[in-house]
Amino acid sequence: MVFTSYSNIISPLGFTSQENYQAIRAGKTGVQNMVLPFSKEPFCVASIGEAEFEKQISKVRGASAHTRLEALSILSIGDVLAQSGIDPADRRTLLIYSTTKGNIDILEGRYPSIPSERAYLPAFAKHLQDYFKFAHTPVVVSNACISGLLAVIIAKRFIEQGTYDNVIVCGGDILSEFTISGFKSFNAMSAEPSRPFDANRTGINLGEAVATLLVTNKKELSAPYHTEIVSGASANDANHISGPSRTGEGLLQALQNTLKDQSTEDVGFISAHGTATPFNDEMESIAFERAGLSGIPLNSLKGYYGHTLGAAGVLETALSLEAMKHQELVRSEGYAAKGVSGNIRVIESHQPKSYSAFIKTASGFGGCNAAALFRRTINHIDR
Amino acid sequence: MKHITSYAHIKHRRLTANGSLIFDGSSSGSLPEFLTDAYRAQGMSYPKYHKMDTLCKLGMLCMEAAVKESGMLTEYPLDKIAIVLANAASSMDTDRVHQASISDKAAYFPSPAVFVYTLPNIVIGEIAIKYKITGENAFFVSECFDAGLLLNYLEALFHGETQAAVCGWVEADGDAAEAFIFLVEKSNKSSNFKPLNQEAITELYNQ
Numbered sequence: 046m047v048f049t050s051y052s053n054i055i056s057p058l059g060f061t062s063q064e065n066y067q068a069i070r071a072g073k074t075g076v077q078n079m080v081l082p083f084s085k086e087p088f089c090v091a092s093i094g095e096a097e098f099e100k101q102i103s104k105v106r107g108a109s110a111h112t113r114l115e116a117l118s119i120l121s122i123g124d125v126l127a128q129s130g131i132d133p134a135d136r137r138t139l140l141i142y143s144t145t146k147g148n149i150d151i152l153e154g155r156y157p158s159i160p161s162e163r164a165y166l167p168a169f170a171k172h173l174q175d176y177f178k179f180a181h182t183p184v185v186v187s188n189a190c191i192s193g194l195l196a197v198i199i200a201k202r203f204i205e206q207g208t209y210d211n212v213i214v215c216g217g218d219i220l221s222e223f224t225i226s227g228f229k230s231f232n233a234m235s236a237e238p239s240r241p242f243d244a245n246r247t248g249i250n251l252g253e254a255v256a257t258l259l260v261t262n263k264k265e266l267s268a269p270y271h272t273e274i275v276s277g278a279s280a281n282d283a284n285h286i287s288g289p290s291r292t293g294e295g296l297l298q299a300l301q302n303t304l305k306d307q308s309t310e311d312v313g314f315i316s317a318h319g320t321a322t323p324f325n326d327e328m329e330s331i332a333f334e335r336a337g338l339s340g341i342p343l344n345s346l347k348g349y350y351g352h353t354l355g356a357a358g359v360l361e362t363a364l365s366l367e368a369m370k371h372q373e374l375v376r377s378e379g380y381a382a383k384g385v386s387g388n389i390r391v392i393e394s395h396q397p398k399s400y401s402a403f404i405k406t407a408s409g410f411g412g413c414n415a416a417a418l419f420r421r422t423i424n425h426i427d428r
Numbered sequence: 668m669k670h671i672t673s674y675a676h677i678k679h680r681r682l683t684a685n686g687s688l689i690f691d692g693s694s695s696g697s698l699p700e701f702l703t704d705a706y707r708a709q710g711m712s713y714p715k716y717h718k719m720d721t722l723c724k725l726g727m728l729c730m731e732a733a734v735k736e737s738g739m740l741t742e743y744p745l746d747k748i749a750i751v752l753a754n755a756a757s758s759m760d761t762d763r764v765h766q767a768s769i770s771d772k773a774a775y776f777p778s779p780a781v782f783v784y785t786l787p788n789i790v791i792g793e794i795a796i797k798y799k800i801t802g803e804n805a806f807f808v809s810e811c812f813d814a815g816l817l818l819n820y821l822e823a824l825f826h827g828e829t830q831a832a833v834c835g836w837v838e839a840d841g842d843a844a845e846a847f848i849f850l851v852e853k854s855n856k857s858s859n860f861k862p863l864n865q866e867a868i869t870e871l872y873n874q
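The listed protein sequences correspond, in order, to chains A and B.
To convert, note that position 220 of the first sequence is 265 in the numbering used here; the numbers rise steadily by one, no gaps.
To convert, note that position 68 of the second sequence is 735 in the numbering used here; the numbers rise steadily by one, no gaps.
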């Protein structure tokens, strides 16, 4: 069996998974209109505040030797190592890093004293390896917006194969002029907080976050969530590189492969991708209906965090694990009226609920889709 | 028993498939010329090709060469074929183009047609679209070709739904351009093929 273990989330809503969950329970969102260092124009984004960033980063050894993403990743991985007591030098432990753009702000000339070669993902990963003295070169997964969830699935596969006992999955992406200008050129950016699955949704907010989840075959390390990664799959639409299949083919296939031979009776909710672009959310609703999942409540966490790209799958899995631990459903922020044609049930308010499994999905550019099923291994409810 | 049933290379502007030369552009011309000439030499007719960035063009050329000499696409369900690719520079080649389009505020022209290629897995998407392959996807980024990583992941995939795979290395970074695609099949009647193992992958890559 492969279990989820300790987690960390660094985002505008906090520097631990617990802080993030409590902030969401208290009705906070990380998305706001703000002016970023590289532009005079305000954007609606989820940005980690500079004051909090500086305070936290002072805990990192040699802080000025790291880029923003490296420093945040060190904090996040460091937290999971401290909680779990895992030794990074152990040859049965691997780090998988999930990101779309890594140190892309090096191209913007933001760090005169940091070698520009660290804009390359292997050099970025090597920097993290050297910091923690990981026994193995980290594996970097860069598969657009499914990177984070795919990294969790890959971790499970490597452990089942017997290659490793522990895989630390870290996902991260920062806000940059690079990605903001790109999504803006697609007219995909919303000028207000995003509204996944809502009738009045107008596009995405970008967000920055780093999240880490330890995946392990050691039952004694499963204590934080008592949850197994039951199954997972990815699939491609084979339709268009920047638009999803209108009929949700790839997501449907990923869901069908994930749920093969699995009951969904105990599934409490689906943590959907839900970027709040018109086409994406419509596609997801159709795929969920076609997969026979219309009766299961569903949320998107993008209304709290924006789209955090390579971090999203790890962050949203960790947050969903917190929700299941508390036996609660998390409101899908920004949703008021159904604006998709597929039959889905969007969660409109935080609420207690007894359940023992959830489904996480993701979809991204390049026509990629992923799904995974997580299930509790004990009946005990620690509300 | 899993076998490597076909492979293709682009190295030093030479396109080869299963050891045979398909197109040689090594003695003349620029990289863009090579990408166009090799496309013509293969008799490809796929207008979308011309909109792609260098990374995707390299992947498409190499895939076409490898698959042409293979029955994989007709012998396996397309939803059971995985695509697993890797490189060192991710999408850096196109990242620089997008960055240049936003660096000068007086000439600020970010383009969606460029930006979409600033993800390395778009080459997986392009291959999936052209050959209608819908199985598992993964794009890894490593400092150099890592046969062990690819083998481990292929083995893990074949343990599940996957019955065949498109695997390899596609790298574009300035003038450096290289591609290596090999096809893996779960069951093949012929014993003429190389069994899938790390030595075989490494040997083929170094050809």
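Hint data in this document are derived by calculation from the structure and do not stem from the laboratory.
For glycine and all other residues, C-beta sits at the position ideal for the given N, C-alpha and C.
Check before you lean on any hint, since a few could be wrong.
What the hints assert, rightly or not - Now the stretches of chain B that chain A is said to cover, found in silico as 3 or more residues with beta-carbon under 8 Å:
(1) 700 to 714
(2) 750 to 757
(3) 799 to 806
(4) 822 to 831
So, going through the hints one by one against the coordinates:
With 0 residues having a Cβ less than 8 Å from any Cβ of chain A, the stretch 700 to 714 of chain B misses the three-residue criterion, and the hint is violated. Counting residues of the stretch 750 to 757 of chain B whose CB lies closer than 8 Å to any CB of chain A gives 4, which reaches the minimum of 3, so the coverage claim holds. Coverage of the stretch 799 to 806 of chain B by chain A holds in this model, with 8 residues showing a Cβ closer than 8 Å to a Cβ of that chain against a need of three. Coverage of the stretch 822 to 831 of chain B by chain A holds. Counting CB-CB distances below 8 Å, 6 residues qualify, and the rule asks for three or more.
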